[in-house]
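Protein chains: 2
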Amino acid sequence: MSGFPEYLPAQRLVEQRVGDVLREVFELHGFASIQTRAVETLEMLTRKGEITKEVYVVRRIHAAAGDTDVLGLHFDLTVPFARYVLENAGHLVFPFRRYQIQPAWRGERPQEGRYREFWQADIDIVGQGELATHHDTEVVLVMLEALARLHTELGIPEVLLHVNNRKLAQGFYEGLGVADPLAVIQIVDKLDKVGPAVVGELLSAQGVPAAAVERILELAAIRSADDSFIAAVRALGVDNALLETGLQELATLLSALRARFPQQVVADLKIARGLDYYTGNVFEIDLPSHPSLGTVSAGGRYDALASDGKHTYPGVGISFGITRVLAPLLAKGVFTASRPVPSCVLVAVDSEETRSVADAVAAALRARNIPCEVSPTAAAYGKQIKVADRRGIPYVWFGGLQGSIKDIRSGAQWDADATCWFPPPADLKPTIMRG
Amino acid sequence: MSGFPEYLPAQRLVEQRVGDVLREVFELHGFASIQTRAVETLEMLTRKGEITKEVYVVRRIHAAAGDTDVLGLHFDLTVPFARYVLENAGHLVFPFRRYQIQPAWRGERPQEGRYREFWQADIDIVGQGELATHHDTEVVLVMLEALARLHTELGIPEVLLHVNNRKLAQGFYEGLGVADPLAVIQIVDKLDKVGPAVVGELLSAQGVPAAAVERILELAAIRSADDSFIAAVRALGVDNALLETGLQELATLLSALRARFPQQVVADLKIARGLDYYTGNVFEIDLPSHPSLGTVSAGGRYDALASDGKHTYPGVGISFGITRVLAPLLAKGVFTASRPVPSCVLVAVDSEETRSVADAVAAALRARNIPCEVSPTAAAYGKQIKVADRRGIPYVWFGGLQGSIKDIRSGAQWDADATCWFPPPADLKPTIMRG
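Residue numbers (this note's numbering), protein chains in the order written: chain A, 960 to 1394; chain B, 960 to 1394.
Just so you know, not all the hints are guaranteed correct.
What the hints assert, rightly or not - Dumping the calculated BS3-like pairs for lysine-lysine here, alpha-carbon to alpha-carbon at most 27 Å:
| no. | chain 1 | residue 1 | chain 2 | residue 2 |
| --- | --- | --- | --- | --- |
| 1 | A | Lys-1345 | B | Lys-1269 |
| 2 | A | Lys-1269 | B | Lys-1342 |
| 3 | A | Lys-1388 | A | Lys-1342 |
No lab work stands behind these hints: they were computed from the structure. All of these numbers come straight from a predicted model, not from anything done at the bench.
Just need the whole structure built from these sequences, with the hints factored in.
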């Protein structure tokens, strides 16, 4: 069933370790875990027109003939989070910091890098009424720290972060006299896919004058690793107060990010993010060594994601596409696990009558957190060693608590006490490595 | 939206810890994690007639008029697992041991203890062609060990395991001359809900003679903590070879389980499990202190859950209903977390200009895995302490790397070095306790 990736146990180990690292980093930074239900009302899901076509509708198989469809699977973790904040605002302390690692679903036509079911890891910080801009820097640094650990610990490719600012773009377009800046942002968002010529045609078709189209494309071409983007924008001769605010916000963000990750951050003024709720800094992350994977993480600042009668809830967040990165890399065999099973030891069985001896050895090993399993059969030792070999288990235990252990990779065997033997740390659990 | 429980962060911490304990125990016993997609083909999901009415159908919102519905959300983790085994048999080593912790969905009318979205934790061991019966004992012991740890470490109520055997029941009914033993099993399965009088009527309506109905109800009333159930069954005077096999299998299972959990296992001959794929030992677990929660875990032996042209795949498994246990207990406030956030320390900020000093302190703490966050504002210290208090964070750090730390519960404050200070272990992470 295409678009719904499933993994073999050794691949799943990689996914599990990715989730563990993300969770650990997010919690070290004080983000609380939440989970939201898989379904939302269709009304909630279809509020943003553009995405409507991709929603999966959910209904009971025996729904009555007159029943109207009211539920759909969430297509991201932002819409459910906004609803969760509104429903639980009275029980949360703001700024509220949460992470959420869950699947989302889109009923789109499968293609390279697009999935119908995909796991995401989102972090957001949301204020009640107000939220300081230093949180923009914070969420990006937390995600970059997590991705850096995925790189050093698991070998996930290195990332490059592109930052831009909605006020900068909107102020620039307004300064040019453009009537509908949001429409321009959504057209510029297609730049990487269709190229500047087509974007220019689309802008002209919107009634944007030729001179303004030229400036818009010049702005989108600006990219710098330091704050020289400011001079490059000013050289385009557009004067607008919102543009100035955007330039300052972006310069502040860029400088703080470069202090920690000097090689991995660029101001890139073509970054637009199609979604209309962003209002300030916006972020996109790709893998320079794997351009075909496209944007693997993205986010930005929103001044009013959610709002009830009394408060608005401004926030800033960033989302990492776990499936978008892992599914293609796992399919290509870029990663392997040192073994596909948790077990470090297979405890051999002499006969079905003495299986309880092997059970006691296994219990003694597990008491010190050594994953193990007891041989399924009391076959000849050679056959039991073959079982361990086929399952990728590195050690076989023979005899009782005072027994002997064989490293089946080297063939070495020595006497050991199950109540105190411990494997080399690298053998205790499966490890992940580049294939 | 009823039937779709969602948790506040402090409640989610309980759920997360339950998942961690289950994962740890399952992996210690050599079970590999897998995850299957949320959807299956409707054909796969509706193979067993009885469950059909509860399936949630999934279709694209803009599906063409002539499209027929082909996908549904899985209603358990067994059907997807059977499909996964068939699809991946060539890449798996048998006996294959897997665990799976995922949500499932049923479009039923919500009621006490029933959910439309619910998390389950399943373990199964599946063989290719054959599977030894000692694995029946094994999966039950692994689940009982996990539930015992949930009891001692998190305070989840103590469990009682009820065991029975399909061969015993089927052989007994065949020995009585019953034409359709499976129909009888499915009627007896309703005993707890409707009582013996109604079950007797239902059996009579199926054409079962009055004398046989009486024996069937007598069999279902047998319950023993030791193997005295054997004599009680023999006293009913039914002679059948399959019955004898079932008695032996159940006695072997019971004796092995009682050796490890003497107080928590009973043979209970009314346990039937409605599902028609069970063929041997069957298991049900409830919480004697919370009878209203009903069966919280169940499973059994199946001789042919899946089958391709070449092989059948016999297996044995048991499933634990995480939501079924947690949702009502969390709603009643039976559990609390010591705090709703991961953060152990709030690092105070003197002024926005010196926020980077606080960031450096936080980085030093995180380098030793101490979860912390930096104060959102540079307000007066008293206000920053209030922020920590409202978020449940026990410590506030003042000053730079050589600073001071305040335990806001006791009010005590002392000088500390952020590169080597460590909290008491009980304060490092949120802990779970009975409310």
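Going through the numbered hints above, which ones does this structure break? Give me the numbers in ascending order. none
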